[in-house]
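Chemist: Now for the letters of each chain:
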Amino acid sequence: MSEAVLKRWLPPVMLALATAYFTINLFPHRVSADRLNRTSYVADKPRSLARQWFKSEVPGPAGVLRGHDAAGRTFRRRLPLLGGNRDAAGREVIVLPWSSSRILGPKGAADLTATWQDEPLALHSDQRAGTWWLEGRTVCIALVTRDFASTLAWLVRERVRDEEDLIFVQRGLFSAPVETGGLRPGEGPHPQFGLPRVRWGLMPGTRLRLRALRPFTLRVTLILTSDLPGQILGLEVNGSLLREIPLKPTRQFTSVAFQCKMQTGENTVRIGYALRHPFEATDPRPRTVLYSRIVLEEAP
Amino acid sequence: MILLGRGLLFVAENGLMLYAAHAWACALNRKPGAVADTLLATGVIYFSQITFTVLLLGIFAPWLTLRNLVIVNTILSLAMAAAWGRQRRPILSELAGSWQRLAPGLDRAGKILLALFALFAGLLLLKVVLFPPHVWDVLTYHLTPAVEWYQQARIPAVIPTQVDRMNSEALGLTVLSFWNFIFFRDDFLVALPQLQWALLLVPAVISLARRSGIGRGLAVKAAVAVFFIPSILIQAWTVKDHVALTASFILALVFMGNYLATRERGQLLLTGLSLGLMLGYKLVGVAYFGCAWLVWFYFARVNPVPSQTAGRWARRCMDFSCVILPAVLLGGYWYLRNFILYGRLQGSHHHPLFEVLQGSVWESLLFRLGVFTRNLVQFVPRILDYRHEFEANLTGISGFGPQFFALGLPAMVLSLASLALPRERRNPVHFPVYTAWLLLIFYFFLYYTLHNYRLFMFFPALLILYSAYWFQRSGAGSTRTGRAILNGVLLAAVLWSGLMTLIPAGQTLSGLRGFLRLDRGEQTVANFWRLSPRATPYAWISDYLPASEPLAVLTDEDSWSYIYYDRNWRRKLRFFNRGRDMNQALQRPVPVGRLKRFLRIQGVPFACLCDNSLCYAPADPDLLKIYQGLYYYAGGADVRSRP
Chain A
15 MSEAVLKRWL
25 PPVMLALATA
35 YFTINLFPHR
45 VSADRLNRTS
55 YVADKPRSLA
65 RQWFKSEVPG
75 PAGVLRGHDA
85 AGRTFRRRLP
95 LLGGNRDAAG
105 REVIVLPWSS
115 SRILGPKGAA
125 DLTATWQDEP
135 LALHSDQRAG
145 TWWLEGRTVC
155 IALVTRDFAS
165 TLAWLVRERV
175 RDEEDLIFVQ
185 RGLFSAPVET
195 GGLRPGEGPH
205 PQFGLPRVRW
215 GLMPGTRLRL
225 RALRPFTLRV
235 TLILTSDLPG
245 QILGLEVNGS
255 LLREIPLKPT
265 RQFTSVAFQC
275 KMQTGENTVR
285 IGYALRHPFE
295 ATDPRPRTVL
305 YSRIVLEEAP
Chain B
1387 MILLGRGLLF
1397 VAENGLMLYA
1407 AHAWACALNR
1417 KPGAVADTLL
1427 ATGVIYFSQI
1437 TFTVLLLGIF
1447 APWLTLRNLV
1457 IVNTILSLAM
1467 AAAWGRQRRP
1477 ILSELAGSWQ
1487 RLAPGLDRAG
1497 KILLALFALF
1507 AGLLLLKVVL
1517 FPPHVWDVLT
1527 YHLTPAVEWY
1537 QQARIPAVIP
1547 TQVDRMNSEA
1557 LGLTVLSFWN
1567 FIFFRDDFLV
1577 ALPQLQWALL
1587 LVPAVISLAR
1597 RSGIGRGLAV
1607 KAAVAVFFIP
1617 SILIQAWTVK
1627 DHVALTASFI
1637 LALVFMGNYL
1647 ATRERGQLLL
1657 TGLSLGLMLG
1667 YKLVGVAYFG
1677 CAWLVWFYFA
1687 RVNPVPSQTA
1697 GRWARRCMDF
1707 SCVILPAVLL
1717 GGYWYLRNFI
1727 LYGRLQGSHH
1737 HPLFEVLQGS
1747 VWESLLFRLG
1757 VFTRNLVQFV
1767 PRILDYRHEF
1777 EANLTGISGF
1787 GPQFFALGLP
1797 AMVLSLASLA
1807 LPRERRNPVH
1817 FPVYTAWLLL
1827 IFYFFLYYTL
1837 HNYRLFMFFP
1847 ALLILYSAYW
1857 FQRSGAGSTR
1867 TGRAILNGVL
1877 LAAVLWSGLM
1887 TLIPAGQTLS
1897 GLRGFLRLDR
1907 GEQTVANFWR
1917 LSPRATPYAW
1927 ISDYLPASEP
1937 LAVLTDEDSW
1947 SYIYYDRNWR
1957 RKLRFFNRGR
1967 DMNQALQRPV
1977 PVGRLKRFLR
1987 IQGVPFACLC
1997 DNSLCYAPAD
2007 PDLLKIYQGL
2017 YYYAGGADVR
2027 SRP
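Residue numbers (our numbering), protein chains in the order written: chain A, 15 to 314; chain B, 1387 to 2029.
Please note that a few of the clues may not be correct.
What follows is a list of derived Cβ distance ranges for each label pair [what the hints assert, rightly or not]: (1) W1699/B with A34/A: 50 to 58 Å; (2) P229/A with R1983/B: 38 to 46 Å; (3) R265/A with I1388/B: 37 to 45 Å; (4) T282/A with G1907/B: 46 to 54 Å; (5) W23/A with R1809/B: 37 to 45 Å; (6) G1756/B with A34/A: 47 to 55 Å; (7) R1809/B with A34/A: 32 to 40 Å; (8) L242/A with A1507/B: 57 to 65 Å; (9) A34/A with R1416/B: 43 to 51 Å; (10) S1479/B with A34/A: 41 to 49 Å; (11) T282/A with R1903/B: 54 to 62 Å; (12) E17/A with R1701/B: 35 to 43 Å; (13) L1722/B with R228/A: 30 to 38 Å; (14) R265/A with P1977/B: 39 to 47 Å.
Derived by calculation from the structure, the hints in this document are not laboratory data.
Don't be surprised by glycine CBs; every beta carbon is placed ideally from N, CA and C.
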């Protein structure tokens, strides 16, 4: 081998190859309809976030993901929402959850496996903004339209707990997940008011429904605040009044704890309120007290 | 406080072992200044000691406890330190001397590359510590055996699960993960061994480069480029075994090359240890072993040492045993277990290496030719890494990165050209690259999958090194333009690879931040991989089912199990095997009657009926649904409450 030739040509060849690699990998990612219909999604998996940086597909604030499809349209996707299955142009859109281990073909919603049928997935069109809103409580979604097949697959990784989980804490295993009622969705934190994440209790009362695995004593701790003079909590367990607790008007969060016996099977704990907030007089479901934490645990 | 005490014990014990290993390594590498070789030998001896002692204490009796491990390793280390302590050279002054020799030959790009290496090594260590094992193969079989070993204080020959790979694969790396767990009783360091192996790759490449006559500066640059190969960066903080397999193989090549040059028997011993570790990491290690020896024998034959002809056969036997005995001692257990239990080396699991011939010879040949052709056709698309994400299984891509595309491709051409020249091909400098070729061709015939390139990490590593050799030899680096191009390509490739692999696939920065905000006990793999929180119960089990509560889990051929464990490996799993007749029949119901009987006998009230991301919903009034896929059976609790 002539070393002189190598001395002259090796560096340019390296440079050319490196340029080729980077050019090909930075080229916009387009998926043709044929390819999409013919092959599995394995070939069209999302790129790593680092690649998305180059494509400006970065998560925006408040869990909103931004990106664009093969046709260059802009999407704004947020979890979770609910709605119909048509895009802004009235075209039917099929939304398929995507999982790395089991890839679904673009054959329609009927192809969803049992695992995924629980997922409420739908597409909203916001015609004013010209954007699409995608709903679903899932970590990864492939989106296909019948008219102009395009794939958007991305991973949304976040600590997906229900809103109420931020407030609601169940320590230990004594029941199937507790169902709650009479609470507004979580909000905050509101640093301007010195408030953490909170949920309003709603008139006429807040309900906790437990499916106990065995008889036990439940300890309920409520961290709450109410600035209404004369506010009283009425605690009922399985329909019978346990006690009434008057609350001092304050803007500080205070702790209220009580214990009650649970039977195997269905149990209901109801927290009733005497007063509603005056500025919500016209609200059909007026707000009462403000919770920052509701803790359920087994009493020792 | 307990964690601090355990941390101190971990540091003290490992420090003592490394001290002893370094003393022995210095005795085996008497040449002062060969820092890279000494570091490599230290690493290999250290890993060998861990592997040997864990297997020794775990296989024969339930002695696999922290106390026993510390006692045995302390005795061994003290003995080694006593035997070779006087030959030990101070490591820090050696490193300082090495840096003084290196610094003048290192330009600004080289220093930036070294700084990037330090930065990314630190980031990888951070990722190892902060994030849980997260690759799906790991959830299937890499770590669950270690949990069983820890809970039983021994290494059972068989774990009663339908996941065959747990009972058939070589689990040498699981041994190292176990070692990193048992000190803290927390799984935050279980992925460390792969990172350690990845770091060892750097001195390994430097050593090979120096032996090839490459200058210090260029050797360091090549080593950093190898470390930044995307597949290595991705896997360096996982509990998969491909980096360890590749690194141990390359280390074996280093020691074999050293032996070719020096004919010191100590190098053969180190070769044996490296090969033994390699055999223990994967059953396919046998092929690496075979390919390396074939090429080595070729070079030993074409480059004989005239002075050593007397007593040739006795010497050869001695040399051979220096390699084979440690190799069998460290890696032989898994093969022996498979042979005793199943009558074949691959155990109960299908393995293409041991089933090369299927059907008639002609059919097999045609099949293998088809596999080879497919691999060949796919080679260029794969090495472009195009249209796919960099994830640990390297689906559809090579993960070789731009450094291979730019440097490795010319090296491939040059290495093939060197084969055509008789004088050239006798040069031992080609030993690593010829071995890489032989192994790649073997692999190309062996099998084709979407993930097979994760096994080929050795190829870009050795080819990048080889291109550095030609760069040096041709004098391309002597011109300013040549140097600038090489530096530019390397910097771009390293930055690209580092950035592309910074965030693990399937994660976002906000997701990682959210994970780190969880309580420490909640930072489990189930909360890291929340596939779909309503579709699978893994996160719910992690958050709400106490770790002291045993759990029956459905197992099929590739079912996950590590996802159920807490960080401290306290939860006990009972594997409910679906039965092979039900394999691949996802729509079929779970055999509820058998499940209830199983729960009653095991005394376990909770059962998770999920197979990876699919959960089953049996319609039986006795099974109370706790969550999607998670059921409570009172019969299991009744038996448990009996005296």
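Chemist: Decide, hint by hint, whether the structure agrees.
Modeler: Hints, verified against the model:
no., hint, result
1, W1699/B with A34/A: 50 to 58 Å, "53 Å, holds"
2, P229/A with R1983/B: 38 to 46 Å, "27 Å, violated"
3, R265/A with I1388/B: 37 to 45 Å, "41 Å, holds"
4, T282/A with G1907/B: 46 to 54 Å, "31 Å, violated"
5, W23/A with R1809/B: 37 to 45 Å, "22 Å, violated"
6, G1756/B with A34/A: 47 to 55 Å, "29 Å, violated"
7, R1809/B with A34/A: 32 to 40 Å, "34 Å, holds"
8, L242/A with A1507/B: 57 to 65 Å, "59 Å, holds"
9, A34/A with R1416/B: 43 to 51 Å, "47 Å, holds"
10, S1479/B with A34/A: 41 to 49 Å, "46 Å, holds"
11, T282/A with R1903/B: 54 to 62 Å, "33 Å, violated"
12, E17/A with R1701/B: 35 to 43 Å, "38 Å, holds"
13, L1722/B with R228/A: 30 to 38 Å, "49 Å, violated"
14, R265/A with P1977/B: 39 to 47 Å, "59 Å, violated"
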